[in-house]
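Residue numbers (the working numbering), protein chains in the order written: chain A, 1 to 301; chain B, 1 to 357.
Simulated from the structure, these hints should not be mistaken for laboratory data. Computed from a predicted structure; not experimentally measured. Think of the CB as a built atom: it goes at the ideal place given N, C-alpha and C, for glycine as much as any other residue.
Not close to chain A: a few residues of chain B, all C-beta gaps over 10 Å, as computed:
1. H60
2. S317
3. G347
Covered stretches of chain B (chain A as the covering partner; in silico rule of three or more C-beta atoms under 8 Å from a C-beta of chain A):
4. 269-276
5. 289-297
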Amino acid sequence: MEVAGKVVKEPLVIGHECAGIVEEVGSEVKNVAVGDRVAVEPGVSCWRCDLCKNGRYNLCPDVKFLATPPYHGGLAHQIVHPADLCFKIPDNVTLEEGAMIEPLSVSIHACLRAVAGPDTNVLIVGAGPLGLMTMITARAFGSPKIVIVDVDEQRLAFAESLGADKCVKVSADMKDMAEEVVEMQKAMGGPIDITFECVGFSKTMSTALKATRSGGKVCLLGLGHSQLTVPLTAAAAREVDVLGVFRFKNTYPLCAEFMGSGKIDVKPLITHRFGFSQEEIEKAFEVSAQGGNAIKVMFNL
Amino acid sequence: MGKGGMSHESSADDAQEENMAAWLVAVDTLKIQPFKLPPLGPHDVKVRMKAVGICGSDVHYLKTMQCAHFVVKEPMVIGHECAGIIEEVGSEVRNVVVGDRVAIEPGISCWRCDHCKSGRYNLCPDMKFFATPPIVHPADLCFKLPDNVSLEEGAMCEPLSVGVHACRRANAGPETNVLIMGAGPIGLVALLAARAFGAPQIAIVDVDEKRLAVAKSIGADFCVKITTDVQDVDENVTRILEAMDGEIDITFDCVGFTNTMSTALKATRAGGKVCLVGMGHNDMTVPLTPAAAREVDVIGVFRYKNTWPLCIEFLRSGKIDVKPLITHRFGFSQQDIEEAFETSAKGGSAIKVMFNL
Numbered sequence: 001m002e003v004a005g006k007v008v009k010e011p012l013v014i015g016h017e018c019a020g021i022v023e024e025v026g027s028e029v030k031n032v033a034v035g036d037r038v039a040v041e042p043g044v045s046c047w048r049c050d051l052c053k054n055g056r057y058n059l060c061p062d063v064k065f066l067a068t069p070p071y072h073g074g075l076a077h078q079i080v081h082p083a084d085l086c087f088k089i090p091d092n093v094t095l096e097e098g099a100m101i102e103p104l105s106v107s108i109h110a111c112l113r114a115v116a117g118p119d120t121n122v123l124i125v126g127a128g129p130l131g132l133m134t135m136i137t138a139r140a141f142g143s144p145k146i147v148i149v150d151v152d153e154q155r156l157a158f159a160e161s162l163g164a165d166k167c168v169k170v171s172a173d174m175k176d177m178a179e180e181v182v183e184m185q186k187a188m189g190g191p192i193d194i195t196f197e198c199v200g201f202s203k204t205m206s207t208a209l210k211a212t213r214s215g216g217k218v219c220l221l222g223l224g225h226s227q228l229t230v231p232l233t234a235a236a237a238r239e240v241d242v243l244g245v246f247r248f249k250n251t252y253p254l255c256a257e258f259m260g261s262g263k264i265d266v267k268p269l270i271t272h273r274f275g276f277s278q279e280e281i282e283k284a285f286e287v288s289a290q291g292g293n294a295i296k297v298m299f300n301l
Numbered sequence: 001m002g003k004g005g006m007s008h009e010s011s012a013d014d015a016q017e018e019n020m021a022a023w024l025v026a027v028d029t030l031k032i033q034p035f036k037l038p039p040l041g042p043h044d045v046k047v048r049m050k051a052v053g054i055c056g057s058d059v060h061y062l063k064t065m066q067c068a069h070f071v072v073k074e075p076m077v078i079g080h081e082c083a084g085i086i087e088e089v090g091s092e093v094r095n096v097v098v099g100d101r102v103a104i105e106p107g108i109s110c111w112r113c114d115h116c117k118s119g120r121y122n123l124c125p126d127m128k129f130f131a132t133p134p135i136v137h138p139a140d141l142c143f144k145l146p147d148n149v150s151l152e153e154g155a156m157c158e159p160l161s162v163g164v165h166a167c168r169r170a171n172a173g174p175e176t177n178v179l180i181m182g183a184g185p186i187g188l189v190a191l192l193a194a195r196a197f198g199a200p201q202i203a204i205v206d207v208d209e210k211r212l213a214v215a216k217s218i219g220a221d222f223c224v225k226i227t228t229d230v231q232d233v234d235e236n237v238t239r240i241l242e243a244m245d246g247e248i249d250i251t252f253d254c255v256g257f258t259n260t261m262s263t264a265l266k267a268t269r270a271g272g273k274v275c276l277v278g279m280g281h282n283d284m285t286v287p288l289t290p291a292a293a294r295e296v297d298v299i300g301v302f303r304y305k306n307t308w309p310l311c312i313e314f315l316r317s318g319k320i321d322v323k324p325l326i327t328h329r330f331g332f333s334q335q336d337i338e339e340a341f342e343t344s345a346k347g348g349s350a351i352k353v354m355f356n357l
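In isolation and in its complexed conformation, chain A is listed as follows:
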């Protein structure tokens, strides 16, 4: 009943990765019309504080984010939401893909922060949903070579099918780290410019800091442990910078564009589907919690 210090004190509607059809519009709404298929950006920022005014609205201390207590989420028949946070999706993009824009946005935001591009070889630590989406996003940004690592062979096989150049299986044991870093660098066949850490443990973050080339960047996306034991000084003394990522900002149009053009295909990541009944919601959460071969579990309403 809590995540990262946010506590659920009263019953809360869940769900924040949403897409749907506009049913009614307020009198001043100009950007969408009834019947439009839209992806919903969940965070309503205040638009008055310094962070909002400087464009970093994802960091707004007063943001009202769907399904972050005390604000209700979107797993419901209907919700009411600001129109400027609803983005039309192209005809060739499904509503399921529209819902995927939310998690994909985290990867897009990370790639923007880290300046992924045609010059940057990318290492991805963790082949879960976040790592996989970040991988396909980095590719869409033009990264020439992408190496992905995980402890789970099946997830690595899946990553390969989605376009990873090389996959490296690693252990959860700290003592294997030095050897694994060498393996990753060999697999890359050149310096690692950016590492996206999509797990968030001491070993994975230490790996990221060691494997990245001097002057490169480590983007910490994974929210694993809070306190991490890492060789931070050695990394700082090679000017390996650590960039944080919190949700996203101004990513929905770009996501819709990537999906519409086919540059990013998130459909393979939707592994399980459920309807909207008491039994199904319970089953769906169980499946998602188990991880393994469940990447993205989707409700169709």
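The hints should help you fit chain B onto chain A, whose structure is shown.
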């Protein structure tokens, strides 16, 4: 290593005086011994060294014969914070002439690798960075001092460069309130640099009241005495935020311990930057995840690049005054060098110990 080597015999046919230098020969053993110079290349200059400062890394080499991953395998001439007078110039040298007073940038990069070609030459894997007082050195790494800047201030350009590079990497400016962890030599040059870059409010913290007093005298807005206990991190953060008039945009950790880094990560505002300058502990257990989840970035700093001209300008205009940081002075004798290093190693009231040759 710098240009030059151990001379095994005095050159009887050499009409000039023998060149002497301070050699690190073993742990805790410094000896003033001959230092044979190589011939001058077309792009080199010969410099008569006048002012050399002691760096914490020099002390570390003295105590342990190593610093980070650099290991001293053979006797090595020590000292890299230098300024002197040009004595001889190579045939292709255009930027300086004999008699010029110059500050010296110690690191010779390869100028062929990707890092060098993209301007991040401080990260060159084949960098020749010596602890040597470079007597013969590439002319392009010697920077003329204006008449109103002393040779001692010239030698201070090297440590000041670390502060300047950190301010650039962290984008310090008229809009960034700054917190500095540690009021030692590096914290103090970071303070001077941040002020020169225009930081409106600067808070500095340390465990040592005397060092905080020095910081206050050179322009810190807020000084906060803190403790080293890890359990006091949250309390220290509260006290720092209370003292600071507003949010902290950039924190320069000029200590580099678990508790200073934890404090930095917690005290810096969402979207801000923590610049890790200090080389203290290597493995740190820090609240990295909550910081990353507030997009507090951690910026690394390794030495400097393209900082000498800016440092010299800051000194010329008076925007930065490094003279208060030079607390102890020594001459160039066996006894002097031993005492000088002892003084520097003790820390405390010794900020920058300077040799005058």
